[in-house]
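Number of protein chains: 2
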Amino acid sequence: MKELFEPSCIAVIGAAREETKIGHIVLKNLVDSGFPGKLVPINPKASEILGLKCYGSILDVPDVVDMAVICVPNEHVPDVVDNCGKKGVRAVIIVSAGFKEMGKEGAELERRVAENRQKYDMRILGPNCLGVINTHAKMNATFTRNYPREGGIAITSQSGAICSTLLDWSKEVKVGFSKFISVGNKVDIDEADLLEYLRDDPRSKVIGLYIEGTDRGIDFMKQASLTSVCKPVIILKSGRTSSGAKAASSHTGAMSGSDKVYEAALSQSGTIRVKSLEELFDLLLAFSSLAPLGPGGVAIVTNAGGLGVLAADSCGDYGLSMAAFTPETIQKLKAGLPEEANFYNPVDVIGDADAARYEFAIRAVMDDANVSAAIVLLAPTDRVDIPSVANLLASSAGTSAKPMVATFVGGVDAMKGVRILRQAGIPHYESPDRAVRALSAMVEYQRSQHVKAKSKAVQVHGDKAIVRALLDQVKAEGRMGLSESEGKSILKAYGIPVPSEGIARTEEEAVRLADRIGYPVVLKIESQDISHKTDVGGVVVGVASAEDLRKQFSLLLSRVSSMAPRARIDGASVQQMLSGREVIVGMVRDDSFGPVITFGLGGIFVEVMKDVTQRIAPLSDEDIDEMIRSIKAYPILTGARGKRPADIAALKDVINRLAQIARDFPEISELEINPVIVMDEGQGVNAVDALVTIKGGSK
Amino acid sequence: MKELFEPSCIAVIGAAREETKIGHIVLKNLVDSGFPGKLVPINPKASEILGLKCYGSILDVPDVVDMAVICVPNEHVPDVVDNCGKKGVRAVIIVSAGFKEMGKEGAELERRVAENRQKYDMRILGPNCLGVINTHAKMNATFTRNYPREGGIAITSQSGAICSTLLDWSKEVKVGFSKFISVGNKVDIDEADLLEYLRDDPRSKVIGLYIEGTDRGIDFMKQASLTSVCKPVIILKSGRTSSGAKAASSHTGAMSGSDKVYEAALSQSGTIRVKSLEELFDLLLAFSSLAPLGPGGVAIVTNAGGLGVLAADSCGDYGLSMAAFTPETIQKLKAGLPEEANFYNPVDVIGDADAARYEFAIRAVMDDANVSAAIVLLAPTDRVDIPSVANLLASSAGTSAKPMVATFVGGVDAMKGVRILRQAGIPHYESPDRAVRALSAMVEYQRSQHVKAKSKAVQVHGDKAIVRALLDQVKAEGRMGLSESEGKSILKAYGIPVPSEGIARTEEEAVRLADRIGYPVVLKIESQDISHKTDVGGVVVGVASAEDLRKQFSLLLSRVSSMAPRARIDGASVQQMLSGREVIVGMVRDDSFGPVITFGLGGIFVEVMKDVTQRIAPLSDEDIDEMIRSIKAYPILTGARGKRPADIAALKDVINRLAQIARDFPEISELEINPVIVMDEGQGVNAVDALVTIKGGSK
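Line by line, the protein sequences are chains A and B.
Residue numbers for the first sequence follow my numbering, beginning at 1 and rising by one.
Residue numbers for the second sequence follow my numbering, beginning at 1 and rising by one.
So here's chain A without its partners, still in its complex pose (with noise of 0.2 Å):
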């Protein structure tokens, strides 16, 4: 990776003379971002272009070329490809576009290429990207010619234009790029490879990515994880609802997973997801400007009142707590501001105050320990004069350790404040909601930084021999679901408490189980082709005596064979009658991210109040911890409305042991566990019934 940001020779292949073409502009950008390192031009039919050396070859240029960018039409890129790695190029852009995005025959191409590369030691980004900017090596290796200032921002963007479009509000706001890196089609390099290395680049202070799709969702999570800690990752993931996902997969044929499983990989791997360009805008400009927020809260200083209590607002909405100055901040403001001004947190300065007043509030409010940072609002009236203020907050930006945010609303005179302050460094939003979710974000993120690595959850071991002959057993009947006591048997392999039961094929069975099991018992229909046993009436529950077993046994037979007159039926389970809490536990396997377990309280919980939470395995102790917490329900397991709490601990185990079983059996594609009962705490819990399929087919 370090060829494709910092190379000593570049070779253009398909640079052109004509100015308009890719071949082209590319080598131009090259030239006039003033890359310090060599430049081939590659070219047949040309000798010389911008007053460089072509060469009709890559193996023709004498010198070694440790990167490449390809400009050439999408039928020759697998053989020129092929001739880069002969050569013994180690980083190749292709900016060609006519591949996967085109349909079957670019498809073809594309794995031609992927298949080339693999027969050499190289990487390659693209194709169908606009390439890579590297401001500290002055290299502008794309065809856009917005090369940026240099700054503290990272991009990767699965969009091109999506780079043009942050380049371009650049030059707006006056904000500087590391690194830009326009990721294409991902043949090769993708998301997870550039974090890796964005990870490690000092000059990255910040890391923003644009993605529609991945198709490594383990490998992404892994390093998003391992870089959200060194520095704040910044998302906007498209294809976020179902329209914009039809939108996403006609666009570059990523298959865009569900979105819920993205919203739980982002969350988990400690990355800031935004869900929209201009919050991608605002976080950026934020956390490539400010220094880290100390401990307090902020303050707010502004020369209206009603903007003050739209910002105040926006903290309760963001959770951005304000600070509640010191007596002698508020006997500093007292003393010097008007009496109509207001001097508490928003500071009001009133309609009228000139630079001099607003510098001697913030000064106030930045002097006092319980403020962490502060947002200045103003509001163009007619009294305030624009330019000075912002002259002056630019001229103090550097007084304060603590970060300061500005809003200044309206319009055309508002502008004229906001020039001066972008000149300056200072973060402006257009409005003071947005203000408050940047500095809001901030504070998120550095939280989430003091909380202590997340440990893995205790490794739990399961009988695999007892689990392994009953899944081959399974395949080798041709099935893809199992039974429940199948099931049943795959979560007592794994520790996962079942309640006592039996399978009786025969009243006389049933009442002997019974007997044993203690009344009341639970009596489920026993068949491998009926999956949802409710639906055939083939579930009653508080059978409270011998005489009610029988006469329940015999009805719930007929009833199901009615019911489901195909079905094959094996006997009735006699379970013990459990009660408690009701929980789902389950687990489906995400084509990309692997294990999704869900959580959530049963019944009309789920049915009807969709109060679940989703997580990707593995599982450390904090998230599971996470999840059962993050349900709106949570209360009803500590214990609300005078009940005695649940045995939380026990339910933990049952997600952790679960998570596990999904990661020893990648062929389990579904398992669910709908209900597990739990029991007051030290009771346990119980797993009542077990629902498990398996990819069909394959392994």
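In short, the hints are calculated from the structure, not lab data.
Keep in mind the model is a prediction, meaning the values are calculated, not measured.
Copies of one chain are not kept apart here, so a pair can be met inside one copy or by any two copies together.
Below, a list of computed lysine to any residue pairs in the SDA-like style, where the Cα atoms sit at most 20 Å apart:
#1 643 - 535
#2 260 - 319
#3 632 - 604
#4 260 - 316
#5 171 - 382
#6 275 - 319
#7 104 - 334
#8 610 - 634
#9 610 - 316
Here the structure of chain A is known, so what remains is to put chain B in place on it, guided by the hints.
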């Protein structure tokens, strides 16, 4: 009110010669805006200001004066108001500050202003306000020099600085205003009055309000409801969160009501509530610039797939439906666009699109009958000529009757296009989500317009005399809380079913009652001193037999006596035991808005899941329907998980009757039925408990 907006002669009282004084600025603004009527400066120390003859007192003016702007120091204002009354002035604007917002003395001055006003047939705006602008009357009766262009937006704002902000914004985005009203302290004229006036003002196409609180909630709702049927009313209500509300009360002295009550009031009256200044800007721009949307969905045209996906995501977020193109449109797009383009919605004209290609695609989708509006997105790619695309949109703006909005993302380059769009009156939004949000608000508003006028709920009549006598007795005894059986008599008097029950003083009485009611029964302590019976162990459910009842009765009495030794116990009520779904119906009286009706499912759903809804009485039949349907747990009432549907008709009736009780007896400050047992369809409801509190001392 007419004289406030269209006066023939305006006196400026406190007109000054010094250019920096507000009294000078107001007069000058009136002159500069080209006010065609007569202007009379009042200043005892001057003979002429700005070439206008000056009078020492308004009483000296020979002409009829129908409007006056008062700019004198606060202590003189009450007398000046009195003089205005004597002179027969019909409308007065008090620009001067130093009233309620400045503490006790100011509040006293304000009280005197109100007192003097009432002696005459005169309306007052302010004090502590910026004034009034009426662009169509060329009247700038404010002290802001930012005189806006003519247009369709009317604004009323409780913050002068928000006024300035909107005016400055309008210059930037080139939108115009009809009326601009800064309401200040609202000693007389408030938002309710202004909504009533603006409703019939043909110049005002959309109304925007910034409000921190109102003392006249009921009138406000009435006027807002009537107005939002005629034109959109967009409201930025600040003081939403607790920290915001604190800032609001220190700002103007207006006590912000609980935000939940405002939320209910604003939604019930059909207004559109925005959460930020930026959203206010965005919606004002859309509603004032665009024609209503026809049927169908929006089409998105973009030169960047990524932007299209983001816009589609936002459509999902905001529930804005995207058009499905007809086969003809898709055919047309396929024929006219490059093969790499996307021909479905969002249409991707790809990065090298020029203005002609944009035009082709926009025309094709606008001609599609399934398309109601277009969102044109542009990313500043290297190949696009931004000003030429903008010019094309500008010139074709009138060619389709369907609304079009644009989003040119980026910064410096994008702005070159944005300026052209604004000049042409095409609404521009900085990011796709904001464009989608604005259009979605329009669709939502239009949808609400199509709902036929809300029908009044069926009028119910209760036996007022019974309730009146009971409440009088309670008051006579100096109590604020009613016992359960008193509460239930009120319910019964209004036709709300209560279970069969009776009060037993002894075991024997209890058994006699239970024999009549039928087992099982519920036993509850009866005491005027105990409002939360379960907290003192005062409720026993499922008493199954006479034997059981005897045992429980004495246990209950001794338990409660020990838990609440000071409570006077009148025995225990014996109630029919009912089963069904438990809901809560309640009422709390808000000082400003009146009875606020709350509904939710009982127990865990209210206490843990906070799944409740609120509306302000009087309730229409639709309001009650909406309340019931809006809770998340609604499927539990309709029959989730195989249950029979509940008797929703009977539940609606209970809500309606409870609202009627609240309206008939203003001294009831709180009334809660928890639970109402809702039985299966056709089987009715029963109010199992009733908690009633009356206002202490009043009336």
